[in-house]
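Peer 1: One-letter residues, chain by chain:
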Amino acid sequence: MNKNTKFIQGNEACVEGALYAGLDFFAGYPITPSTEIAEHLAKRLPEKGGKFIQMEDEIASLCAIIGASLTGHKVMTATSGPGFSLMQEALSYAVMTEIPCVIVDVQRGGPSTGIPTHGSQGDVNQARWGTHGDHAIIALTASNHQDIFEVTVNAFNLAETYRTPVILLFDEITGHMREPLTIPEKGKLELVQRLRTSVKQGVDYHPYLPREDGRLPMSDFGDVHRYNVTGLVHDMWGFPSSEPKAAYELLRHLVDKIENRANKIAMFKEYHMEDAECVLISYGASARSSLHVVEDRRIRGERLGLIELQTLWPFPSDIIREKCADSKYVMVVEQNMGQILHEVKLSVDRPDRVFLANRIDGVFITPLDIMNILRLIQGKGV
Amino acid sequence: MAVKDYIRERFLPHIWCPGCGHGTVMSGLIRAVEQLGINKNDMVMVSGIGCSARISGYLDFHTLHTIHGRALAFATGVKLSKPDLNCIVPMGDGDALAIGGNHFIHAARRNIDITAIVMNNRIYGMTGGQFSPLSGIGVNATTAPYLNIDNAFDVVKLAKAAGATFVARTTTYHAKQITDLIMQAITHKGFSVVEILSQCPTHFGRKNKEGSAVDMMKRYREITTPIGSKKKKENPDLIERGIFVQENNPEYCIEYDKIIKKAMKG
Numbered sequence: 000m001n002k003n004t005k006f007i008q009g010n011e012a013c014v015e016g017a018l019y020a021g022l023d024f025f026a027g028y029p030i031t032p033s034t035e036i037a038e039h040l041a042k043r044l045p046e047k048g049g050k051f052i053q054m055e056d057e058i059a060s061l062c063a064i065i066g067a068s069l070t071g072h073k074v075m076t077a078t079s080g081p082g083f084s085l086m087q088e089a090l091s092y093a094v095m096t097e098i099p100c101v102i103v104d105v106q107r108g109g110p111s112t113g114i115p116t117h118g119s120q121g122d123v124n125q126a127r128w129g130t131h132g133d134h135a136i137i138a139l140t141a142s143n144h145q146d147i148f149e150v151t152v153n154a155f156n157l158a159e160t161y162r163t164p165v166i167l168l169f170d171e172i173t174g175h176m177r178e179p180l181t182i183p184e185k186g187k188l189e190l191v192q193r194l195r196t197s198v199k200q201g202v203d204y205h206p207y208l209p210r211e212d213g214r215l216p217m218s219d220f221g222d223v224h225r226y227n228v229t230g231l232v233h234d235m236w237g238f239p240s241s242e243p244k245a246a247y248e249l250l251r252h253l254v255d256k257i258e259n260r261a262n263k264i265a266m267f268k269e270y271h272m273e274d275a276e277c278v279l280i281s282y283g284a285s286a287r288s289s290l291h292v293v294e295d296r297r298i299r300g301e302r303l304g305l306i307e308l309q310t311l312w313p314f315p316s317d318i319i320r321e322k323c324a325d326s327k328y329v330m331v332v333e334q335n336m337g338q339i340l341h342e343v344k345l346s347v348d349r350p351d352r353v354f355l356a357n358r359i360d361g362v363f364i365t366p367l368d369i370m371n372i373l374r375l376i377q378g379k380g381v
Numbered sequence: 000m001a002v003k004d005y006i007r008e009r010f011l012p013h014i015w016c017p018g019c020g021h022g023t024v025m026s027g028l029i030r031a032v033e034q035l036g037i038n039k040n041d042m043v044m045v046s047g048i049g050c051s052a053r054i055s056g057y058l059d060f061h062t063l064h065t066i067h068g069r070a071l072a073f074a075t076g077v078k079l080s081k082p083d084l085n086c087i088v089p090m091g092d093g094d095a096l097a098i099g100g101n102h103f104i105h106a107a108r109r110n111i112d113i114t115a116i117v118m119n120n121r122i123y124g125m126t127g128g129q130f131s132p133l134s135g136i137g138v139n140a141t142t143a144p145y146l147n148i149d150n151a152f153d154v155v156k157l158a159k160a161a162g163a164t165f166v167a168r169t170t171t172y173h174a175k176q177i178t179d180l181i182m183q184a185i186t187h188k189g190f191s192v193v194e195i196l197s198q199c200p201t202h203f204g205r206k207n208k209e210g211s212a213v214d215m216m217k218r219y220r221e222i223t224t225p226i227g228s229k230k231k232k233e234n235p236d237l238i239e240r241g242i243f244v245q246e247n248n249p250e251y252c253i254e255y256d257k258i259i260k261k262a263m264k265g
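Going line by line, the protein sequences match chains A and B. With the first letter of the first sequence counted as 1, position 306 gets the number 305 in numbering that gives the first Met the number 0; the numbers rise by one all the way through. With the first letter of the second sequence counted as 1, position 207 gets the number 206 in numbering that gives the first Met the number 0; the numbers rise by one all the way through.
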């Protein structure tokens, strides 16, 4: 094996990606199946001068990393469903105040305590709409360790580019699975550094006045610009405001900066899509079984293709519509009761031709499970 | 620097009712920072939600107005990531000890170098007069129309038991003591708590027939006494003022720097 190749868990691949991206502050709280991320960072961060803190709960964990982001650090926390529920309030604070941060949710079976040691993809809609108020969000996922690494790096890049929290929706299956990861050489993957203001000391700095490209240069706490950060509707100085115009413009900005760039933010992989009659759409661990089915059926001459989504939110509706335009039917493969199925149906021209292949019992969906549904759709019986 | 140099005039007028004690606390706090000669760029103020939390916006520091009860968790991230900054967290009684109670005891347990100021008016003012965990038995509040049966926390005892290494108490009547205690709290290396009894004439005073703001402040003079005074021996019901705890224990950020040194050696 290459010296940069390690045989590790998906959770460790996430740690490696975060460190590669420049993570230097992590706060977290133990929860299965994400705990390994905290354990590895407790050891690794101080080795490079970074900081790790175990907080009293998940609420405090997200709050702490938002505080550390404001002093100029790249920050992350990691949790699973129940902890992610607790983070929703601070998540909307990070959205409103436009603080870059990365939140990992290694999904387990829910609702409630559910099945902590089994995989699920049940938090997809929570990532989108779990917190209160209209907003936009970025959520990414991956199906293998190399992709977990790259998607994690990208999460930090997007967080800095758009001044937003970014959610990494992994699952217990990839999180705990072991496979090789080759860490790219330094400089091979692009890293986005924080955009800091060029406004000099003594000149009025407007922390919440977007540039023409929608970006807002930041100033670190402790630096020469002293400004206010608040979860209240605020003006360009960060001062609370209840002016209808300020409220409207802020909300539009928060949503548009992400939704208007959905195609740019979209990351996905395509397999055998060139002439696909039947399109499978999947993501995370489920995409592994989906790919197996596609390749197996291709050998038998069936024209199956796969779109593996890596960006779940903002949902890449335009791309899905275009890619599925010529298909006879579309099958969404996921480990929930149809959370992405719903989005696909809203995106395509023929929602009646969209079907679901899923499992919700905590057991990893197998190629045979998918095949059985496929045969039903094709009218071949199981 | 003059006191007005610490205030963001753009933010005024403030939201506090006439007679509110919070302005006295803010004034005492500014004087403390001024007398210590701390550069404004080195000051971070983190607050949660409530009347008291609005202090942060009015002051010309780096200010973080966060969510209800969580100010100390945000402040922990600010402080640990940049320990050179002075971190002050003004909180109300509900903010600090109801919704924020868990963060309060854990920040104290870590002994992280943050100054927590609990502005105790024994009521939720911003939402219109509900009882708080510091209201105590017999208090009249909109959510205790038959009088409160909930026991109150003693902030000093709680902070001490949780591990805070500087714990003090005073009132808005004792304005000079506010400045003195906050100065000592900021200078102290570790988690410091200053409880300041602060009158809410609008909600607490009116409902509990304590009279005007001036009457309420005079009452603070009558119901409090310096720690260990003769008056306290004669009347154990009096509330003590002064410094209850002042200890030197390992501070969290300094201890973490030792971890970094250890980890870097490999």
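It is possible that some hints are incorrect.
Listed below are several chain B residues computed to face chain A (Cβ distance under 10 Å; list not exhaustive) [as the list claims (entries may be wrong)]:
hint : residue
1    : Lys3
2    : Arg7
3    : Phe10
4    : Asp41
5    : Arg69
6    : Asn139
7    : Thr142
8    : Ala143
9    : Tyr255
10   : Gly265
Bear in mind the hints are in silico, worked out from the structure with no lab data behind them. All values reported here derive from a predicted model rather than from experimental measurement. Built from N, CA and C at the ideal position, the CB exists for glycine as well.
Peer 1: Look at each hint and say if it fits the structure.
Peer 2: Checked hints:
| no. | hint | result |
| --- | --- | --- |
| 1 | Lys3 | 15 Å, violated |
| 2 | Arg7 | 8 Å, holds |
| 3 | Phe10 | 6 Å, holds |
| 4 | Asp41 | 7 Å, holds |
| 5 | Arg69 | 5 Å, holds |
| 6 | Asn139 | 30 Å, violated |
| 7 | Thr142 | 22 Å, violated |
| 8 | Ala143 | 26 Å, violated |
| 9 | Tyr255 | 6 Å, holds |
| 10 | Gly265 | 7 Å, holds |
In terms of the numbered hints stated before, the structure departs from hints 1, 6, 7 and 8, listed from lowest to highest.
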